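J.: These are the residues of each chain, in order.
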Amino acid sequence: MSYLNISVEDEKQPAGANGTSGDEAAQTAAFEARIERGEKIEPGDWMPAAYRKQLVRMISQHAHSEIVGMLPEGAWITRAPSLRRKMALLAKVQDEAGHGQYLYHAAETLDASREEMIDALLERRAKYSNIFNYPTLSWTDIGVIGWLVDGAAIVNQTMLAKGSYGPYARAMLRICAEESFHKKQGHEQVILMAQGTPEQKAMVQDSIDRWWWPILMMFGPHDSDSPNTPTLMRWGVKTKSNDELRQMFLNQVLPDLEALELTVPDPEMHFDEESGNWIGGEIDWDEFWRVIQGDGPLNADRLAARREAHEEGQWVREALTAYAQREAQAAHAPSTNGASNGAGGAHA
Amino acid sequence: MNPEIKAALRGKLLAMADDDLLLGHRNSEWTGHAPILEEDIAFANIALDEIGHAKLWYEILADLEGEDRETYPDRLVFHRLTSAWRSAQITELDKGDFAFTIVRQYLCDTAELARLEGLRTSSYTPVAEVANKIIAEEHYHHRHTRAWVRRLGLGTEESHERMERALHNLWPFTAQLFAPVPDEALLVEAGIVPDPQAVKEAWEGPVRAWLAECNLPAPEGLPPVNIGREIHTEHLVTLLGEMQSVARLVPEGVW
Amino acid sequence: MSDSQWPRYQVFEQRREGAPHENAGSLHAPDNEIALQMARDIFVRRPTCIDLWVAPAAMIFARSAEQLADPAWREGAPQDSTPGAYRVFAKTRHAGTHQFLGTVEAEGTLSALEQALETFSDTAALVWWIVPDSAFTETDPDDAESLFAPANDKVYRDQADYHTVSLMRNIRHAQAERSSEE
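Residue numbers (my numbering), protein chains in the order written: chain A, 1 to 348; chain B, 1001 to 1255; chain C, 2001 to 2182.
Please keep in mind that the hints were generated in silico from the structure rather than gathered at the bench.
All values derive from a computational prediction rather than experimental measurement.
Glycine included, each C-beta is placed from N, C-alpha and C at the ideal position.
Check before you lean on any hint, since a few could be wrong.
[Said to hold, decoys possible] Pairwise CB distance ranges, derived in the manner of DEER restraints: (1) K240/A - E1164/B: 43 to 49 Å; (2) G1228/B - H2163/C: 39 to 45 Å; (3) K162/A - S2111/C: 44 to 50 Å; (4) I1231/B - A2151/C: 36 to 42 Å; (5) E2066/C - R125/A: 32 to 38 Å; (6) E318/A - L2117/C: 33 to 39 Å; (7) H2163/C - E287/A: 35 to 41 Å; (8) E1252/B - E268/A: 35 to 41 Å; (9) H222/A - E1252/B: 44 to 50 Å; (10) E287/A - R2178/C: 36 to 42 Å; (11) L137/A - G1221/B: 28 to 34 Å.
Pulled out of the complex, with its shape left as it was, chain A reads as follows (with noise of 0.2 Å):
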């Protein structure tokens, strides 16, 4: 899963360059005329800070999400009601612990740590989708993600893998490749529990009655309020803004919805023949700002699971990396620890 949800900070404080001086002014310019001409940079490559603590930001930010949304998701694991959701299920959260994977490796490109952005997601500096701090509360809201969380991420996915930063384009290749199948197995869930019987069509409507407005808040605050996004438009970060994408969504979903036979909690929501958009009422913004401010249903939640992890997983990783440098002394051959041909540098 794909949650492209800039940061609360990343929208309050404009991303432009504030090198002041002629050379650097110089070397921005030909970075963005790069990008202009669709050229990727590479580690190593020049690039104006603010790019490079954007780029990090954005990067794990999406590793976090991948990695704290396994949590809503695989507690249903244990009970999904046949062996194919269950197969089903198990190969998408792991699918989104390998896209987390990708996406820390692309970031450390950036001479970012993964230990220091773990930490920081643990210490509650640094932000994730605000998605995964919803409960999931019954079998069927995995249904609902399925087709309507990841169908927004992929919305906002396909445009990422032609960002201008190599690394994550390339890990965002990766992850649309398997993210197709997220959506389709969701759906599916929805298409045959809407047809099903009468308990399970409320079950799913109930799922849609919660989930609904936190899914149009993942697209993040209006154009209006994102002064960010023209300099990330610029430098081939983003491509498309806020509501573009809101609206491609909204178009998407509804109606296959309508035909299931499925309602949003939006009285508003109503297809506009002018505009051949679906339009529906305003998003209430208090209650994502407190969200993303860590004031959400499960946040602390979802934190102590991952911190619990990992602390439990200490033991295991001293284990393996004194084996590892015992079995390295023992053969006095090149180490795996830190020895290196003084090449260095972080690669992806």
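Starting from the known structure of chain A, arrange chains B and C on it as the hints suggest.
T.: Below, chains B and C alone, put in the same frame as chain A:
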């Protein structure tokens, strides 16, 4: 196929399927909680493999019973009462810490591999075909778990202690993996399954040797098995209570 | 609380018979054997490759075309003199990734790159990677069945296994029929 052999085969298939299913289920409990991200991914793979193997055995059982292979496995897994399961107790136990999980997986993987070697030449074609298909995945599990047994066994004092404790707790349960199911002798005679005693012997030597190398000498001997697979631990009650909860909410539901 | 004191390994995958190995990404592992197993678990969930190489990321010496244009590009390069074989990778397309070109014999890392530039002079690379041959751990072709084949059976990971399009089409069709009957 004569009715006694059929009944024995039914019991054997159920035993193998139930073992794989529960192991896969227990492994899946680590998803999102594994000690390192890469191992989270690896364990999910092992879980998927095991559940996949269970599904293949359940499907042969469906064919044997004249049931629909699309729906029968789900009925067996999600609507069968605890007492009707035929899992070995070792597969029912809680996942414990990572040492416990690794040791259990290692012991079960090696047992399954030893059995699959014999099943590859089963005179009953569906069994031979499935065995040949899944043995490659079991080889990979073995490669994975033996590497981790070694590293955790030899790693640090703490990891060694945890591994020792896990082995001490798990070893008594291993014998049941090789105890014959009712009338298994008929299956052996018909060439459908290998002799469980031979499987146990093929298993025990290499496992003791590897564990010793990893500074985890296994306890002497294997206790005699006095119980059949219809005797379960209470862990199974909790496990099935959770696993079957959604399916039972809407018993006729299609998910 | 540390997660990544394990060294980083770069992973190279071969997608098809005859294709060159290419950069797939990286992972953290404590040693070569675990790195290779993890590479399989992380990068071969789907049947997209038939062979894997891993090498410690610290052993990769990289120079971009931009850096090579600067006459002082040798500054900061490794000063080792470890004679032997070095594998050469190059990224030639912006949207592509680093692909294996071949091996050179050299006295050290720096001279390996110089040789590569000569040997592969008709390759317009955007980025060059030089990695000592001895740094690699590879999958054994004999293990292909247990390492790579199993991904083929996990059809539930494939979006084609979910028939949402035909399901929705049937539903709309049934609705259209019902409303035309009314």
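J.: Broken hints, numbered, in rising order?
T.: 1, 3, 6, 11
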